[in-house]
Amino acid sequence: MRFELEIAPLDLDLTLGCGQTFRWRRGPDGSWSGVLSESRVRLFKDGTVLAAEATPGDSDIAIQVEKFLRARDDIARIQKELRRDRTLAPGMARLRGLRIVKLDEWECLISFILATYANIPRISKMVESLAAGYGRRISPGAYTFPDRRRLAKASERELAKLGLGYRARYVHEACATVDDEGLGRLLRMGYDDLRAGLIELPGVGDKVADCVSLFGFGRLEAFPIDVWMERALSRLYGQKGSYSKLRRFASERFGRYAGYAQEYLYHNERLRAQGQACLFLEQ
DNA sequence: GCCCAGGAGTGTG
DNA sequence: CACACTCATGGG
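Position one of the first sequence corresponds to residue 1 (our numbering), numbered consecutively onward.
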């Protein structure tokens, strides 16, 4: 099943290649393939429009793609608001196509529990191993992300064999701790309560809670701070210190769209690490 | 081989 | 509150 969508601005490389999600792969033709719910989806630009192929193509897959790419985010408005920041303002236009994605809450939670103290290629490998080992096969080489019940059947030892390291215990315990109603309650909470609720889960600290709040629960005011962001905040804003201190700074500085500011700064820091030209410079 | 990774948990000052 | 230490492992 093929269809087209009006989602703009959108740059698939910026959006799917920057560590928000770990299950999307770029093809040699520039298209991106991944799994949404029970379908394998391929996204590519056909001229200016976004084209999608889904197999199987159930009736609401187009809606799922729109939700995944947060089609309703008004990027112009978000950038206008963030442009008040003199550091972000000059380089932001080139990142217009970078959108925050909206992941499945459970998949996002487990993915970012796995993401602790690992690099992105390895995280991708771990997440894909979980899917291949415990998800449902929907086409050759493509698997759903395992739901809580399926994943709960895996012993800690089995998970460790997939290369999860000490994260195996966190994933195993999270499966036992989270119930379906618990996730439902979190959905209704404001950001502060959501964040506090997530931190109660095993393997979830400040940073993972903010990633899950942002990418899984769609709270755009969340501002995850990892080692890359510590460098960015130090270099560009002269801010150093504890997580809570940096988080407070970001909240006051970037406001309700702090999550977008975070992705911009994160992307810039990765560019810099690769020796490429930076978009943002210290004032 | 070496360094580091989208950190969390626990204990101590 | 802030630090210090440990945790298991693979990608670059």
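Don't take every hint at face value.
[As the list claims (entries may be wrong)] The calculated lysine-lysine pairs, modelled on DSS-like cross-linking and capped at a C-alpha distance of 25 Å, are:
1) K125 - K153
2) K207 - K245
3) K240 - K207
4) K80 - K125
5) K80 - K67
6) K45 - K67
7) K207 - K125
8) K67 - K161
[To be verified] Label-pair distances were calculated between CB atoms; the ranges are:
9) C278 - F249: 30 to 36 Å
10) D60 - D13: 23 to 29 Å
11) R72 - A273: 22 to 28 Å
12) T48 - R86: 16 to 22 Å
13) R149 - L187: 15 to 21 Å
14) G205 - D29: 36 to 42 Å
15) I63 - E181: 21 to 27 Å
16) C278 - A8: 21 to 27 Å
17) G141 - I63: 21 to 27 Å
Since the hints were made in silico from the structure, they are not lab data.
Bear in mind that the values here come from a model prediction, so they are computed numbers and not experimental data.
We put the CB at the ideal spot given by N, CA and C, even for glycine.
Comparing the hints with the structure gives:
1. K125 - K153: Distance ~20 Å between K125 and K153 Cα, so the pair holds.
2. K207 - K245: Given that 25 Å is the threshold and the Cα spacing comes to 13 Å, the pair holds.
3. K240 - K207: The hint holds at about 16 Å.
4. K80 - K125: Status violated; Cα separation ~37 Å.
5. K80 - K67: 23 Å, holds
6. K45 - K67: Holds: K45 and K67 sit about 18 Å apart, inside 25 Å.
7. K207 - K125: 21 Å, holds
8. K67 - K161: 34 Å, violated
9. C278 - F249: 30 to 36 Å: Roughly 20 Å apart at Cβ, these two residues miss the hinted range, so it is violated.
10. D60 - D13: 23 to 29 Å: 27 Å, holds
11. R72 - A273: 22 to 28 Å: 32 Å, violated
12. T48 - R86: 16 to 22 Å: Between T48 and R86, where Cβ atoms are some 32 Å apart, the hint is violated.
13. R149 - L187: 15 to 21 Å: 19 Å, holds
14. G205 - D29: 36 to 42 Å: Holds: the Cβ-Cβ distance is about 39 Å, inside 36 to 42 Å.
15. I63 - E181: 21 to 27 Å: Taking Cβ atoms as reference, I63 and E181 lie about 25 Å apart, which means the hint holds.
16. C278 - A8: 21 to 27 Å: Because 26 Å falls inside the window, the suggested range holds.
17. G141 - I63: 21 to 27 Å: 25 Å, holds
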